[in-house]
Each structure stands twice: as C-alpha cells, then as structure tokens.
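Residue numbers (this note's numbering), protein chains in the order written: chain D, 1 to 399; chain A, 1 to 107.
Errors might be hidden in some of the hints.
Label pairs and their calculated CB-CB ranges [claimed, not checked]:
1. D:334 - A:1: 19 to 27 angstroms
2. D:216 - A:69: 15 to 23 angstroms
3. D:325 - A:31: 33 to 41 angstroms
No lab work stands behind these hints, which were simulated from the structure alone.
The structure displayed is predicted, hence computed values, not measured ones.
Ideal Cβ positions, reconstructed from N, Cα and C, are used throughout, including at glycine.
Spelled out, the chains give:
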Amino acid sequence: METVIDKIPHVDVDPWTPELIDEPYEMHELVREAGPVAYIPKYDLFVVGRHAEVQAVLTNWETFISSAGVGLANFRHEAPFRPKSILLEADPPDHTVVRTVISRIMSPKNLQQLRDLFEAEAITMVDRVLEKRQVDGVKDIAEYFPLKVFPDAVGLETEGRDNLLLYGDMVFNALGPRNELFERSMEKLKPVSSWIMDHCTREALRPGGLGHLIYEAADKGEINQDQAAMLVRSFLSAGVDTTIGGIANILLTLARHPAEYAKLHANPALARQTFEEGLRYESIVQTIFRTTGKPAEIAGVSIDEDRKVLTLLGSANRDPRKWSEPNRFNVERNPVGHVTFGAGIHGCVGQMIARMEGEIVLRALAKKVKRIELTGRHKRHHNNSLRAMHSLPLELVPA
Amino acid sequence: MPIVHMTVPSGKRIELEVKTGTPIMRAAVDAGTEGIIGECGGAAMCGTCHVLVDEAWLDRLPLMSQNEDDMLECTAVPRQANSRLSCQLRMTEELEGLELTLPERQR
Ligand code: FES
Chain D
1 METVIDKIPH VDVDPWTPEL IDEPYEMHEL VREAGPVAYI PKYDLFVVGR
51 HAEVQAVLTN WETFISSAGV GLANFRHEAP FRPKSILLEA DPPDHTVVRT
101 VISRIMSPKN LQQLRDLFEA EAITMVDRVL EKRQVDGVKD IAEYFPLKVF
151 PDAVGLETEG RDNLLLYGDM VFNALGPRNE LFERSMEKLK PVSSWIMDHC
201 TREALRPGGL GHLIYEAADK GEINQDQAAM LVRSFLSAGV DTTIGGIANI
251 LLTLARHPAE YAKLHANPAL ARQTFEEGLR YESIVQTIFR TTGKPAEIAG
301 VSIDEDRKVL TLLGSANRDP RKWSEPNRFN VERNPVGHVT FGAGIHGCVG
351 QMIARMEGEI VLRALAKKVK RIELTGRHKR HHNNSLRAMH SLPLELVPA
Chain A
1 MPIVHMTVPS GKRIELEVKT GTPIMRAAVD AGTEGIIGEC GGAAMCGTCH
51 VLVDEAWLDR LPLMSQNEDD MLECTAVPRQ ANSRLSCQLR MTEELEGLEL
101 TLPERQR
C-alpha cells in the first residue's frame, strides 16, 4: 500500500553533520523548495521549512504536542534523559498553569526594573573592550554580558557560572540525535552535573531576584516547591547559551555588513530592531520538534499520530514566500513574525529579556564604536540545535 | 474573508481582512498597519498588540486567559475596561464587522 511517505518529497540530508551545522542555508533551501512538508529518510522524520507551515505547526498545540519531547527523541517510546521540563515539554492544561506564572515573572513590567542595571553594565563593558581594541567577540562581549547580567537577575552567585555554558550546551545538544556532539557534551558536564540543581534551591538564590519570585509563586500555592526548582532550572538552561549565541551572531553579521553598522552607529535608536533582524537572519535556535498527538494534516498532507515533525526555524526566517530579499541583512526591515523564539503558547518565555540584553549591548556599542572589523576567521561552536560560536576575532574602532 | 474595522492612531478608519482562524494581530501586522507592533509574534509576552474593543462587541469575544490579563498590565497606554491583546483574538465568522481602536502608542 502506498503510504504518505511515498507521496511526499524525500530530502536525503542529515542536518546534524558538522558541515551542515556550519552552513545550513543550502540545506534549508533544498527542504523549502522540495515542498511544504518533506521526509528525511535517515531519521524517519517529517520536516517543514517554509514559514507558513512552521508557524502553523508551532501554533497548533492541540495537534502538534510538546509533551512527547521537543527534540528528536519521542518520549512516548524512550525515557527522557533528564526529568521532563514542566514548561517546554508539557501540554495544556498542565502547561498553562506554569506558563502563566513564569510569563508574569518575565513580563515587560518586571524587566523594566532591570534595565538601568543592564545598561550600566553594558557601558562599563564597552569601555573596557574599547581600551583593548582587539577582542574576541565571543569571550569579551557575547559571553561576558549575559553571563554577568542574567544570572545576576536570577540571583545566582558569581562563582562557577561557566558551568551554565556546559549545561546549556548539553541541553540543546540533547534535542538532536544521540551523536558524538551529544555524548561529548554529556561527558564534559559530568563533573559539574550536580552544581546546577544545587543552585536552583531557594537557599542558593539571592532574595529579590527572579529566582525568588518563582519561589514566591510557590508560597502562594500557584505551583509547588519542586516545580519552582524545575523552573529555575529552565531559566538557567535556556537563558544563557541562547542569548550568547544571539549576540555573537549579530556581532559577526554587523562586522560583515559595515554599511548596516554605519546606519546603527548614526542612529543608535535602531538597536532593538537591529538585534531583531539579526535574530531573523541567523536564528540562534535552528531546530525544534513536535509530535503528532493525533492524526494531523500539514498543507493537505495527512500524517499519522505519534510521528515526529522537525521545524526548521532558520529556514522559515529566510523563506522568500514570507520575506522580500530574505538573504539580505537589513537593519531597516521590520522582522516581526520571525520564529527564532518559536511561536504560540510555547514561544520562548525569556524572549523579552533576551531582546532587552541584545538591544542594550548594541546601543552601547553603537554610541562609542565607529566600526566593527573582522580581523580573522570566526569559528563556529557545534551544537545540535544552536547556531553558536566559538571565537570571533574583532577590532573595535572607537568613534 | 471576514472584515475587521480598525481606527488607527492617526484617526483613520481602515478595513482589515482576516482569515478565520488567524489572530487579528497577525493580519494587522502583515498588512503593515500603523500603530501595532506584535513584537513577540503572538506569545502574549510583549503587550504591543493592544487594542480597544467597541463595547457592543466585548462579550462576543473569547474569554481572557489569566496570562493575557497579566500582560495587559504591561501595555504602554494603560489598560482600560475594553482592552484586549489582539494576538489572543482569533478570527471567526461571528466576529465579522468587529470594531477595534488602536491605542495611541504600543511602546
Ligand atoms: S503580540 Fe506580543 S502580546 Fe500580542
């Protein structure tokens, strides 16, 4: 009998090879142009790469569920490698309760109170890097800033914050196949694996921080104490590597597009939009999965229950059906509608703080730096789902 | 396609076609409507898709979630009794002719 898999285009790619992690854009085009939904034989997987279908899958949580995992593994058949996230790997109604609490804590109003602090840190940082002039955009800016301000905001102690990088790297590797990248990051994390959970307790966190706000919600009975610890874990695993990658990517992109940087330098008010366009242009999260919780349909194609569907976020962000000149980085574009933070009820809950961090860093740079120049080749850091960077040699020319 | 009427901050009244099932924010942003941002893409996280709903239509809208209620505390123009987030309003046949006004600013 002919099955749906015989009827849709097959794309014979492995998105998790080093080559495609380095340069995914040709593969994206291949998937997008093959059809609205395609099939990847190697992983027995459905894939969508066009904006409309990616958006449709992500926003239809009734059909495309998250509780079976948002990585390649199907939790209906394999045990998750760590206790499931009660935010990311959950469906309504359980998800709704937790999401409401965390959304309120991460609301624009609460974040506004952190703004002055973040701005002061950014100015100090920019003064310091300008003195050095020759910098590593990853270590000196992209890692430095989020590792300072975000854990500060959560209320984490200063000691040992590099462990967050190991943890984040592992968590995002775990969304892909059980390949060497995953094994290696697991190995690296081992010696410090208890550090994270130890630092998610109420006692380990500074009073008044975002972490404590989560525990206060537990005191009010909105969630329980164990859930509070899990949510602090979510903050720490999802909030660091992602923002770092987002900042590293925009620095590289600006260095490669001096004319666009000149516009930002001339008008630092473009900072927020520039960061946003950077997120569209190089999606920090590249791949996220859903599982069909019942028989589903994508663009007229029927898909059985219990199948994994891969959404290619970076591909949707450059789909010519949605964006004019998608491969052009343009700081004057309105990039609203990109799916770098996902979409719908599972849209990244940290997206507003991530935007604020990116905006503040770019505005501080724009005011004092005339040009950002590449002085060597950047190196990507390979991760199964993040578009991350290892090093980025830059020269900053003061204004 | 069902139509939504929208008064934008300049005072102009526009007609917006919204496919059933589509959030009104999305249709408005796709049409390049002035006075709406929708920065978070509809995740009810940014409060920049704030709309004021004509009284006659208020109770025909879907109930407000706790999340939307919380986020309405974060809008640039303070919320009013008829405030909603347009990303949480999905178009239906019954909403044909809905009357909305955009607040003066979203940020
Ligand atoms: S689009 Fe962000 S709250 Fe509606």
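Now the hints, each set against the structure:
Under the hint 19 to 27 angstroms, the C-beta atoms of residue 334 of chain D and residue 1 of chain A, about 23 angstroms apart, fit the expected range. Checked against the hint of 15 to 23 angstroms, the pair residue 216 of chain D and residue 69 of chain A passes, with Cβ atoms roughly 19 angstroms apart. Under the hint 33 to 41 angstroms, the C-beta atoms of residue 325 of chain D and residue 31 of chain A, about 20 angstroms apart, miss the expected range.
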